[in-house]
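Chain A is fixed; fit chains B and C onto it per the hints.
Chain by chain, the residues run as shown.
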Amino acid sequence: MRKILIVVERARGALDETAFEMLSAARGLGEITVAAVLMGEDLGEPAAELARWFDEVHTFDDPRLGQPDGDFQARLLAPFVRREQPLVTLVPHTNTGMELAPMLAARVDAPLIADAVTLEVAGDGVRAVRTVLAGKVQASVSATGGPCGVLLTVRPGAFTLPDVPPEAAGTVHAEAIPDDPAPRRRFVETVAPDPGAVDISQAEVLVAVGRGIEDEENLDEVRSLAEAMGAELACTRPVVDKKWLEKSRQVGTSGVTVKPRVYLALGISGSFQHMGGIKGGPFIAAINKDPAAPIFDVADVGVVGDILDLVPLLEKKIRGRKA
Amino acid sequence: MLDRSGAETYLVAATYGPLTLGLTMTPAPAEQTYLGLPGPALQLVLLLLALSAFGYILWKRIRLLRQAAPDPRLDRVSARLGKLLVVGFGQSRQPRYPVAGVLHILIFVGFLILSVRSFTLLGEGFRAGFSDIGAGYATVKDVTALVVLLACVVAAVRRLIFRPARYRDRYARTPHAHEAYIILGLIALLMVADALYEGSAMVLATLAGGGADSSASAATPSGSVFLPLASMATWLLGDGSAAALGVVHLSAFWAHNVALLFFLCYLPVSKHFHVITALPNVFHASLAAGGRVKPPRHDQPDLDELEELGVGKLEDFTWKHILDFYSCTDCGRCSDHCPAYLTGTPLSPRMISIKCRDEAYAHFPILGQDVPPDARSELVGDTIADEELWACTTCGACEEACPVLIEYVDKIVDMRRFLVDEGRVPPSLQKPMADLEKRGNPYGKPARKRADWILNGDGAGSGAGLAGIGPEGEDGEGAGCGVRPLQPGDEAEILFFTDSCAAFDPRLQATAQAFGRVLAAVGEDVGTLGVDEVDSGHEARRMGEEGLFEALRDQNLEALEDRTFDRVVTTDPHAFNALRHDYGLEQPVRHHSQLLAELVRNGRLSLRDADDDRVYTFHDPCYLGRHNGEYDAPREVLNGLGVRTVEMERSRNRSFCCGGGSLYLFYEGESETRMGEARLEMAEEAGADVVVTACPFCLINLEDALKTTGREGRMEVVDLAELVERFLA
Amino acid sequence: MEIIVCIKRVPDVSEIEVELDRERRSIVATDLDYDVNEWDNFAIEAAVRLKETRGARVTAMTVGDEDSEEVLRRALAMGADDAVHLMDPEFEGSDAWGIATILHHAIADRPHDLVLTGAISADQARGQVGGMLAAMLDIPMIALATDLSVEDGTATVRHEVEGGLERVEQVDLPALLTVQTGMNEPRYVSIRGIRKVARTEIPVLTAAELGLDPATIGAGAVRVSEEGLSLPTRGEGAEILSGNDDEVIAGLVERLHQQGGF
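Protein chains in written order, with our numbering: chain A, 898 to 1220; chain B, 42 to 770; chain C, 589 to 850.
In short, the hints are calculated from the structure, not lab data. Among the clues, some could well be false.
With the C-beta cut set under 8 angstroms, the calculated list includes, among others, these residues of chain C facing chain B [as the list claims (entries may be wrong)]:
no.: 1; residue: Ser-602
no.: 2; residue: Glu-603
no.: 3; residue: Val-606
no.: 4; residue: Asp-619
no.: 5; residue: Asp-621
no.: 6; residue: Asp-623
no.: 7; residue: Glu-773
no.: 8; residue: Arg-775
no.: 9; residue: Tyr-776
no.: 10; residue: Val-777
no.: 11; residue: Ser-778
no.: 12; residue: Arg-780
no.: 13; residue: Arg-783
Since we're looking at a predicted model, the values are computed, not measured. Built from N, CA and C at the ideal position, the CB exists for glycine as well.
The shape of chain A in the complex, shown without the other chains:
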């Protein structure tokens, strides 16, 4: 029986949710061995945790893997994948995953499907849906792999977390790490982005606030909502003019052009100048007091009401849902 390999990432020491989302996707494919691949340093604990969920856990435990380095990871994993001959290898479509997957695919001579949002087995290969053309079109793609199967990077959040408790009793395999290959990149430092220089242009999810916020103090509620959603906070020009938020958060023709997947517009009327800064046809949800606000012409879903009442409720429900 061929395996599915799942590359597990860790964020600040904790196992990344993508590991379990991909596990859901893999379990959905039927009876198949699902193996986690964990690279890093001091992997005892996380490996034990993964063993509760996965059939196999392969660890690459080495100080040189302390910092994520897709280049090194790809060269390290290539012989492993050749040995394991998986049907599918799933890599999260994260920044490191975007380094690892194409380099690994080229090294093991396997097809690679990027940023998949669905996954199914089709014959000897797999089929998946991915979005192209700034999210405006969905493409159904398929690939049939050779001995090393097919690689996919999977969009974080595309699959739900498993709804059953862990029941696997996975085996943990510590993989030997040869001296060659050696890392070719040298870590210098990690920098936290300057909070003033926030870049909303790359944000996937934006919570944007307009004049309906009425008062600077009310921004805290919205900030807290954005945090709950894992979204960046954005705004319209009047909010910047009042110096309640930084210019770098202003969406519009005289501000930043954004291309999020989801845009939640709070108390924004939807002026031409503001909407001109939103590209890529995101899903737009709007809350506005005025049922005639132009934002409702372009939004996908709308709620007529006062954001000051509704935002705290929304945050509560979202936090509840996530928990």
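This is chains B and C only, laid out in the frame that chain A set:
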């Protein structure tokens, strides 16, 4: 009035014959010897020294002019002379600032009158009696000298004590204020020296006992002349001995002449070069209609043939623009009217002149070698920051305020051309400019949708389809809002040039539709270029992207040529300006306010009674008013509607820019306040409830300001066409 | 230093309502405007800045049809020294693997100290070509670079990593970097600038000239095949949720979740 001592002599000026010191007679400067040097020889030496220094300095200054770009400024001499008469000698720009203006006019007129005196006193150094040219002039010049002296004192006091804010520029780096005091001091010195020279002679004449004796010249035919300033000097000198008075007399004479010659040489090294250059600068001022921008080079119309485009170093300016720099007096009137400066952007038009002149003086020094361009810091980038240049909305308020007709917009456009050629365009402008190129509009909307606004204007879905404007188009007659897109070969009486803003911005579509419905109501036959129209390119040109402008213009000209029409009309003053000045159309180009005024004048609009007690004010769009001189048409329409109106203080040619059109809606610059907000403030101060404008961008900017300043509900901003439609019976 | 920048001409669909053809295999191409891929534009700027600050020879390269020449001209106008157009009917329909293979053949035999690509392309958004090309060239790679300097044969690179953080790393040249938007402020390319390079010779290299086996590239050799396209369903105007506050917010949460809003 001055005969405190009752002596007639105090009012007497005379010329004093060949007398020698030691006698109670007045010494003639020309007849003395100074360290063995005869008076005329001394005068000659001084004069030659001064003239050669002056000539050398001037030559140095002119060197830069000769290296600068060509600019044909000698055409239409009569028009130039007219301008010289009105703006130069007539000082017509001065009274906008009453105190400073009047002081300047006094000093200027005084300068003209006293220049004769200065000249004759130089002659007096060669030949005694040269300066006697009549009692009439003696009185005039003495009264003038008194007035000028007083004006200098008032001006100095004003600068020292009252310190008008205008004189301090927040971006000033090099101090030039001291130059004002030096010049005021020099002028005062000239007046005082002359007074002492005359006064000492008067007292000496009295001591001689004869007063107006036989040696008295023709200057005193009646025996006495009214000389108020000189008489005042006699109060100071009245008790002096004859010897002392003689020394005073001679010292004052030479002090006057040395000061005069120093003054001459000081002018071209200070900001007071304008004393020499202002009149030529006015004579050579641009006669081009406002709203026009100069071509990149006057000697090369083909952009592709140019090595570099625009102005990146001093020599790239035209000689006239360098002369502008020489002529700037640092008075600050430009920046005092500049909306960009007043709202806290990095731009101060005055500093463009001052900094460029500082650079010119530094790199073309009086002493030493000229500094070659590659050994200087960058003029555009270091001396003048990119952000200064992008902050200009080309509203033209600075040029309207300048007393010596210095041009700013052309210079800024020229420097932007350089930036564009270098690729130094702010990120916020790059996308709309690229969209102008690719799709003919700065919003990035599909060109195919350019005529869709017409359909939207027909109300709820009743619009018949229009052929050729997209998939919605079906065969059918009639169109939304009475306007039809013309296919090549079609005819209409009026061609409505929509421009990108009205074609794509839903708020401005409403204005265009309202205008269309007003024209439909009077039965006008109106067509547009449909999807063949592209942006007028007005702002692209003024942003310095000349190549893009040319491409857009050529596309529009082709579309216009393919259609037959009697005249062109547009709701956008920018498009109006472009079509009128940049396109060279045969057909007349009208702004919609002009067309509406025509309809009001001819009684073709049937209007209902104005049942409106709100107060209206008209905000003059820069490119309608200042750049095209149309102030009356919109006001005529308002009067025709019968609404109560009020004028803002800054109205007509002093209008305050709303923040700029077209590409300015995209520009993201630093400022303290928004121009639109400042403008609404002014409208409210004037007591207006409704601000009427006749420009789509004024509408957008001012409506935006309504929201951001919380004036929604209290005040309203409306376009003239929309207003007229409301009043249709 | 030899810098090679791989760029691509892509359609801009940001303001377009995309329609699919009858077979649902491709989008209807009416009024599509094309331009250089946004990410690639930052890559060109990064290369030209290195050239200006420390000296380098910059070569822009693209795989594409005749129309793709415009993005090469644009790169030349920005300051690239050379452009290479990889064009052959055999290339058409290549997937990421195919494009990486073509680029590999074009780059392997010429000097390359630094290879830059955009992190992803606006049309396909795969983000694969850079990594595959690096593996084929067997040079180290760093993705999503946001800052770059080069000294003594070593590149110091800041790049985006998870959690909104950035990491600074060093890598010896030759190396490949994929460039994230915002790395710099790309210069404007004026109409005149384009016209100035209108007559610059741009060599075209075909499959044969690159020594490429046609069986390894083009539509016939794709490893990932596109089976069909579909449009996400979307109604006209907003669906206005009704009910009491609790109900509408519950509805909103549901829809936000479906769309991956949290």
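*Taking the least C-beta to C-beta distance, is Glu-603(C) closer than 8 angstroms to chain B?*
Holds, because the Cβ-Cβ distance from Glu-603(C) to chain B comes to roughly 5 angstroms (cut-off 8 angstroms).
*Given Asp-619(C) as an interface hint, is the shortest Cβ-Cβ distance to chain B below 8 angstroms?*
Result: holds, 5 angstroms to nearest chain B Cβ.
*Quick one, is the Asp-621(C) hint okay against chain B at 8 angstroms, beta carbons?*
Holds, because the Cβ-Cβ distance from Asp-621(C) to chain B comes to roughly 4 angstroms (cut-off 8 angstroms).
*Agreement of hint Tyr-776(C) with chain B interface, Cβ distance less than 8 angstroms*: holds, 3 angstroms
*Holds or violated: is the Cβ of Glu-773(C) closer than 8 angstroms to a Cβ in chain B?*
Hint on Glu-773(C): holds, closest Cβ of chain B at ~5 angstroms, below 8 angstroms.
*chain B contact restraint on Arg-775(C) - CB to CB distance below 8 angstroms*: Hint on Arg-775(C): holds, closest Cβ of chain B at ~3 angstroms, below 8 angstroms.
_chain B contact restraint on Asp-623(C) - CB to CB distance below 8 angstroms_ = holds, 7 angstroms
*asked:* So, as I understand it, the hint says Arg-783(C) touches chain B; can you test that by seeing if any CB pair is closer than 8 angstroms?
replied: This interface hint holds because 6 angstroms falls under the 8 angstroms limit.
*Quick one, is the Arg-780(C) hint okay against chain B at 8 angstroms, beta carbons?*
Result: holds, 4 angstroms to nearest chain B Cβ.
*Should the interface hint for Ser-602(C) be scored as holding, given a Cβ-Cβ cut-off of 8 angstroms against chain B?*
holds, 7 angstroms
*Classify the hint on Ser-778(C) as holds or violated, based on whether any CB of chain B lies nearer than 8 angstroms to its CB.*
holds, 5 angstroms
*Would the stated hint for Val-777(C) survive a check requiring a Cβ distance to chain B of less than 8 angstroms?*
holds, 7 angstroms
Checked against the numbered hints given earlier, the structure breaks only hint 3 and satisfies all the rest.
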